[in-house]
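Now for the letters of each chain:
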Amino acid sequence: MSTAPLLAVTDLRVRLNTARGPAEALRGVDITLARGATLGLIGESGCGKSMTAMALMGLLPTGAEVSGSIRLNGQELVGAGEAAMCALRGDRIGMVFQEPMTALNPLHTIGDQVAEPLRLHRGMGRTTARAEALRLLDRVRLPQAAQRMDAYPHQLSGGQRQRVTIAMALACGPDLLIADEPTTALDVTIQGEILDLIHELVADSGMALLMISHDLGVMARMVTRLLVMYGGSVIESGPTDQVFAHLAHPYTRGLFAARPRLGAPRVNGRKPRLTTIPGRVPELADMPAGCPFADRCAWVVGACRAVLPAAVEVGPAHEARCIRLDAVGASS
Amino acid sequence: MSLVHRAWRHKSFAIGGVLVLLLIATALLSFVWTPYPAAELDIPNKLQLPSAAHWLGTDSLGRDIASLLIVGARNSIAVGVIAVGIGIGFGVALGLLAAARRGWVEELVMRFSDFAFAFPALLSAIMLTALYGPGLVTSIVAIGIFNVPVFARITRAAANGVWSREFVLAARACGKGATRITLDHVLPNIVAILVVQATIQFAVAILAEAALSYLGLGTQPPQPSWGRMLNEAQTLMFKAPLLAVYPGLAIALSVLGLNLMGDGLRDLMDPRLARAR
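For the record, the sequence lines run as chains D and U.
Using the working numbering, you'd call the opening residue of the first sequence number 1 and step up by one each time.
Using the working numbering, you'd call the opening residue of the second sequence number 1 and step up by one each time.
Read the hints as simulated data drawn from the structure, not as lab findings.
Glycine included, every Cβ here is placed at the ideal spot set by N, Cα and C.
Treat the hints loosely; a few may be bogus.
Derived CB-CB ranges, DEER-like [claimed, not checked]:
1) U:Ile24 - D:Val188: 30 to 38 Å
2) U:Arg180 - D:Ala298: 48 to 56 Å
3) D:Pro106 - U:Lys11: 27 to 35 Å
4) U:Val18 - D:Glu193: 51 to 59 Å
5) D:Glu193 - U:Arg180: 29 to 37 Å
On the chain U side, residues computed to face chain D include the following (Cβ under 7 Å) [as the list claims (entries may be wrong)]:
6) Arg111
7) Phe167
8) Ala170
9) Ala173
10) Cys174
11) Gly175
12) Gly177
Per the computed footprint, the stretches of chain D lying under chain U, defined by three or more beta-carbons under 8 Å from a beta-carbon of chain U, are [said to hold, decoys possible]:
13) 97-108
14) 114-126
Produce the complete structure using the sequences and hints provided.
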């Protein structure tokens with residue numbers, strides 16, 4: 001038991017029924033996450049990052065067909081009943097959302113909302129749960145937590161609300177924390193504080209972290225292992241520093257080239273234009289059969305469009321799904 | 001600005017509120033005092049004009065019109081409260097169920113609503129009275145049944161909106177089941193909409209009860225009812241036109257008051273609408 005990973009996802013596939021017919025939102029995702037480890041999912045909007053998180057939580061939209069396997073603590077979650085999933089959510093898996101402005105019910109006090117998972121999963125009475133909620137709000141460093149217990153969400157700032165949602169996610173001491181772009185909606189200065197807080201809480205409590213973001217800086221700071229997703233597949237995976245040092249997949253290279261840089265040298269006296277990846281993410285329903293990135297890739301050859309490339313080892317524990325790695329590597 | 005202050009400044013809400021309070025006060029008054037017993041006949045003094053003894057005069061059987069109106073208010077309110085209660089009880093439950101379960105449950109509830117909606121309320125009321133005989137209870141049930149799909153639809157639409165909000169997703173991520181989410185998160189967030197709708201349906205119910213009684217299918221004699229007073233006044237339209245004016249005014253003012261109050265409530269409960277005015 002102790003050697004088994006906390007989370008083992010194998011060949012996770014999700015089919016959605018969209019207006020334009022069935023579409024594969026996830027095309028065989030594999031994730032292994034040890035107890036206390038940190039993992040990042042990075043990619044553009046619509047690449048399947050959030051879909052993966054929702055599949056883990058069992059919160060996919062109705063009509064989604066899931067296949068493959070998700071094991072948490074050895075328990076199979078694919079096909080688990082709603083009651084079993086309700087027992088896990090908020091207890092073994094905590095989740096922090098992108099939008100703290102809307103993730104709290106405007107009609108309940110924050111004290112009640114933080115106490116809710118405790119009463120639900122731990123069967124605590126009102127008084128005990130309230131005391132514990134206060135302790136949690138202190139732990140996420142909500143200023144003047146005691147006075148704020150009876151405040152309503154609209155009386156708090158964005159950063160403070162995100163602290164509250166983190167306290168809710170942490171309430172039952174989960175084994176796994178899923179953070180879906182937890183700082184995207186916040187000011188840059190607040191972002192840093194919230195990331196530090198999550199980092200510290202993960203280190204202290206020994207829970208595992210699955211971080212979802214499109215921000216490379218956030219990833220470098222928060223996670224030791226990185227999965228790059230595109231078109232519903234993991235196209236590159238490896239230790240964060242390895243991936244940063246040796247960008248293997250053409251898409252990962254594009255992603256890195258596209259990040260804005262401060263103090264970039266001026267070209268002909270003008271600021272350089274931001275680099276972009278030509279083309280756009282294919283619609284789910286039009287996903288090509290082979291490599292999903294083929295239509296936007298500079299190194300594409302005919303064979304790319306035949307089948308989804310297998311994962312190729314490019315370094316220690318570092319893999320990429322590309323058949324042109326040699327050509328890509330030679331060009332840099 | 002406090003809610004009371006805002007409510008008072010909202011002209012139509014204030015006017016509507018006063019009219020509705022008047023209606024309720026009249027109905028309550030009828031339990032303790034009326035100028036004359038409402039059913040008391042006094043044939044020698046029939047069709048009198050307003051006087052100190054009979055404020056609004058007497059009808060063709062010598063009954064005191066003011067007393068009839070006061071007791072009739074009780075009737076209208078009873079019908080409104082119970083019929084709207086039936087509508088809310090079943091309709092809101094069905095709407096919440098449809099929104100929580102989606103899929104075929106939602107389809108079933110909505111098609112049932114469409115089906116019930118397809119019959120005009122008056123027609124189904126007449127059908128019911130044909131089956132069970134005319135009377136106050138039958139008309140209340142008929143109006144109540146008409147209210148069920150109204151509330152089912154509005155509840156489902158509003159609840160679906162709440163279900164798609166992120167805090168519901170967050171609540172699900174905390175492990176809350178559909179029942180808890182419905183009670184803790186969905187219902188409190190749609191109460192405002194339901195209150196407004198209930199006010200408006202209340203007015204519709206009073207109107208429907210008056211119509212049924214006017215047709216002789218609602219409240220039966222000797223129980224006084226505004227609708228039946230209109231009916232009786234009809235034959236004397238040219239001899240004593242005031243007989244039709246009093247109950248007509250009572251119905252019109254009640255319905256107007258409830259509608260104004262409903263509109264006002266909608267504005268007061270939705271700050272965005274209030275600002276837009």
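Please test the hint of 48 to 56 Å on the beta carbon pair from Arg180 of chain U and Ala298 of chain D.
At roughly 52 Å between Cβ atoms, Ala298 of chain D and Arg180 of chain U fall inside 48 to 56 Å, so the hint holds.
Less than 7 Å between beta-carbons is the criterion; does Gly177 of chain U satisfy it with respect to chain D?
holds (5 Å)
Coverage criterion applied to the stretch 97-108 of chain D (partner chain U; beta-carbon cut 8 Å; 3 residues)
Held - the stretch 97-108 of chain D has 9 residues with a Cβ nearer than 8 Å to chain U, which meets the minimum of three.
Regarding the hint that Phe167 of chain U lies at the interface with chain D, is the smallest CB-CB distance below 7 Å?
It holds, given that the least Cβ distance between Phe167 of chain U and chain D is near 5 Å, below 7 Å.
Is the hinted range of 30 to 38 Å satisfied by the C-beta distance from Ile24 of chain U to Val188 of chain D?
Cβ of Ile24 of chain U to Cβ of Val188 of chain D: about 57 Å, so the range 30 to 38 Å is violated.
Could one say that the CB atoms of Val18 of chain U and Glu193 of chain D fall in the range 51 to 59 Å?
Hint holds: Cβ distance 54 Å, inside 51 to 59 Å.
Closest C-beta approach of Ala173 of chain U to chain D relative to 7 Å, hint status:
holds (4 Å)
Per the CB criterion, is Ala170 of chain U less than 7 Å away from chain D?
Cβ of Ala170 of chain U sits 4 Å from chain D, so the hint holds.
Range agreement (Cβ of Arg180 of chain U with Cβ of Glu193 of chain D, hint 29 to 37 Å)
holds (32 Å)
Evaluate the given range 27 to 35 Å for the C-beta pair formed by Pro106 of chain D and Lys11 of chain U.
At roughly 29 Å between Cβ atoms, Lys11 of chain U and Pro106 of chain D fall inside 27 to 35 Å, so the hint holds.
For the hint on Arg111 of chain U, does the least C-beta distance to chain D fall short of 7 Å?
Violated, about 19 Å.
If you take the shortest Cβ to Cβ gap from Gly175 of chain U to chain D, is it below 7 Å?
holds (4 Å)
Going through the hint list in order, the structure does not satisfy hints 1, 6.
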